[in-house]
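Chains as they are written, first to last, in my numbering: chain E, -15 to 147; chain B, 69 to 857.
The set of hints was computed from the structure by calculation and includes no laboratory data. Treat the hints with care, as some may be off.
[Unchecked claim] A short, non-exhaustive set of chain B residues, derived as facing chain E with CB atoms under 7 Å: (1) VAL491; (2) PRO495; (3) THR509.
[What the hints assert, rightly or not] Have a look at the derived ranges for each label pair, beta carbon to beta carbon: (4) B:GLU423 <-> E:THR15: 54 to 62 Å; (5) E:ASP134 <-> B:ARG571: 53 to 61 Å; (6) E:THR10 <-> B:GLY313: 51 to 59 Å.
Cβ coordinates follow ideal geometry from the N, Cα and C atoms, glycine included.
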Amino acid sequence: MEELFAPPAYEWKRLSPKFRSMRILTSLTVTPVIFTIAALIVGVSSGRWWISGVIWAAAIVIVIIRVPFVIRSWRSWGYVERDDDLYITHGVMFRNLVAVPYGRMQLVEVESGPLERAFGLASVTLKTASPETGARIPGLTPEEATRLRDRLTELGEAHASGL
Amino acid sequence: MTSSQAPQPTSPADPEVSTTPGSATPTTASPAPVKQTERPHPLTPFVRGWLVFVAIAIGWGREIVTSAGENQFEPGGLSWILPILGVVVLLAAVTGFISWYFTRFVIDDEELRIETGAIFKKSTKIPFERLQSVDIIQPLAARMFGLAELRLDVGNSTTKLRYLSRSRASRFRDYLLARAQGHQASIQDLDQQSVASVFTDLGVADQPLVQVSPQRLIVSFLLSTEWLIPTAISIIILVVTATFGVVPLALGALIPLLIGMLSLIWRRVIGMFNFTLAESSRGLRITRGLTNLTSQSVPINRVQGVKTSQPLLWRALGWYRVDIDILGYAHGDGESNESTASSVLLPVADPDEVELALRRVLPGFDLDRIELHPSPKRARWLRWFDFWTLRYGWDDRILITEQGWLTHARDVVPHAKTQSVHVEQGPLQRLLRLADVHVHTPRGPVNAVAHQLDERSARELALTQLDRARAARTAEREHRAVNAVRIDDHEGEAELLAAFGTRRDQLLGSGGESEVFALDHDRVFRLYRSRHEAPRRTAVQLRGLYESWRGTEIGIELPLIIDAGERNGRFYTVDRRFSGLNFSTWLQSADMTERRPALISFLDATEQLQRLPRPVPGFARLIGEGAPQQFGTLSELLASMLRGPLQNSRAQLEHDLPGIDEVWNTLHGDLAQRSVTPAVVHGDVCPPNAYISKGPQGPVVTGIGDFSPHTVNADPLLDVAGALIFLELEPYADAPADAAWLEAVAVERHGREIVRWIDVYRRYYGFYFSNAYAFDPTLYAWCLRQLSR
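Here chain E stands alone, though its shape is the one from the complex:
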């Protein structure tokens, strides 16, 4: 199975472990917070606090199940710069492999939201003339993101081929 998505004769580059920490942290906080709010509303309005207990228990179960998934999802990401194109793979349940030739890139974007900045992360997006391309690599260290951007722009210019 793995071989379907393996890059030909190259090693995948993986995402920064900080991205894993960020994803674990968000799943550790977002789900419990939402469930807690729900539990409090139910408890306060009905007075039946055992229902809130069930909701909290559900939150804990979800978090326990979710964390390994987050780790697997982090592990599933990979990218590799080949001579003429960039390969990106991701997905645990739905697996994807995207290949973008450098000559087709119109734009390389580096983004970093507040949360990502707090973790020292950035993402790189490649745009081509096709809206479907969807080549985005999240969870890179800022140094790697800028290196990738500069490298890709340089390669894009070298391979530029018009339309």
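Let chain E serve as the given structure and place chain B on it in line with the hints.
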């Protein structure tokens, strides 16, 4: 075939390549100090005011109609609205007048400039070569006044110029398209041109390729899935509510459905009425519309993919719909209202028309020859509703995917247009070892997805797709570069042609090395291209060769050079003109009953060539540096012939065909085994080099021309093989079938053993013409096919 390719289809130009920036006008008159700008037609504000009025009337009318269901209609209550309406229309007319008053434009030999704005002045100057398309649009109101809007597409933005009188608009359009394609047209030249017809916007010179009759349009619409589904739903709703006696309840669902259906009628019937696809002097042109008339050019160099689709009920009638992806025409489903350029190439057409249109938008592609692979049987677990329709296939230039039962769609994407590739596999697909491959193209109706492939094929398709895309792009780019050289060739040419009493429009044919113009009934003028290495030597050697054959009667006409010389730095010869028509041109319009006997006569003529007296004994090169140059064996001669082309193409071949070394070694092994008496071999016997005339028993091939550096003393079977296999390159539909048939005829004549040698010579010619990768992707693709057999 370098010397003798059939004329390239004059593809609508490529703004990137077309050199000639717009300043080289040979105006000798003193330049006017202030340029005369002009305003659009003075009726413009009225038309625009009228459009606003109509828009309000429709909106208001809709309000009344929808509210009529709930309240009683009160005419008295509406009288207050009339003054407001009057004020709005007046305001619209005033702003229309102001905007008209301050709009000025210049379209002349030097520039295209539009100035707008009363307070904030804006001046837009559009370089001619950036123009991507020029369309004419006529809303009903404008049409009644004989006005039209000129719409200029530049990159991603559109500039409108409204309104001009129809004849001016179409004249400007022709001029601007000519300039956009890099031609040195002058606006005065176009003033005398004929004006297009009112209903279809076709000029006298335009050739309609496909016209969709109203009957067919309406029937096809009524049978389309998009129409039948809402109709069926409406009927079901009505029947159900009627049986329970609660029809008014259904209105809530019916009204939106009805509006959707009306808009579908508007787009598919009213908008596509009188649909005509025509060949104009400036490329393909589409005109359509019942109330609003749209006339749109199809920029073929911007076509990114083609989709043919067929709703279920069209199958019995054999109808198809064709959409194209055009770069920059990113409008929703692309079907458009009155005002935007649409991506519909044919709303409904029969297979012949589809083929005609496809051959125009994908020139040089042979879709029928591509083998389509079905998805594996196990795909039925996931796509139980249409697994049998999922197919995909590719060759070295194009990818095809098919899918769908209710509406069967076939997406065609040239590799050169591939943006990126995506392999996708969901959990169920993983269980079944299946995967989808998406090939991304720019926004538009074409969406090439190979569904439910076997994992391994999916991987192979995806990983090799980008390599194929790269190879195709390289070929295309280099092809363009060659086109650019050809434009340079035209410098000072008009004068040269005039000196000999001919003109550019007398062009009979062109090849990689020369162009041929008619002089009179008996003579042609052959102008060598400036990049030809040694035209003088070639011409002198050919002249000697032709002279030595004078007096030898072999039953067919042979070429003769009457005069040769050099003028304005260009080398030319005056040749005897062959009687009859060019065989390649004739083949395209002939039907099978005439074609097959003519092909037999073509084979006969080819076989006659070996009776020509050899200028030197033994195996030899007859034209070229150091010619005549003799060789001891056939294999040495042919190896020497291949050295030149392979020097250029070796790296490319190694890239495109791994294992090419083995093909090369086998070829040499095979050639060493061939023992034969040498005879004169033309080296490039193909239909573009042959001529056909009417004989007593129908048309027969009566002449073979264009001997060239390919001409040698060698195995006469080389020419027989060439005549059979080059036929495959002819652009008419049945060419491959004819080639196979002619090969069977030749085998019957010469015996089974020639099959092997035809195959050997296929590989020889495959190597010999492989340097075509740099200028002729079709020929190069053919070479690769010969070498990978």
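Evaluation of the provided hints:
Residue-level restraint check for VAL491 of chain B holds (minimum Cβ-Cβ distance to chain E is 4 Å; threshold 7 Å). Checking PRO495 of chain B against chain E by beta carbon gives a least distance of about 5 Å; that is within 7 Å, so the hint holds. Nearest Cβ of chain E to the Cβ of THR509 of chain B: about 6 Å, under the 7 Å cut. The hint holds. A beta carbon spacing of about 58 Å between GLU423 of chain B and THR15 of chain E agrees with the range 54 to 62 Å that was offered as a hint.
At about 55 Å, the CB distance of ASP134 of chain E to ARG571 of chain B agrees with the hint of 53 to 61 Å. The supplied range of 51 to 59 Å is met by THR10 of chain E and GLY313 of chain B, whose beta-carbon atoms lie about 56 Å from each other.
In this structure, every one of the numbered hints holds.
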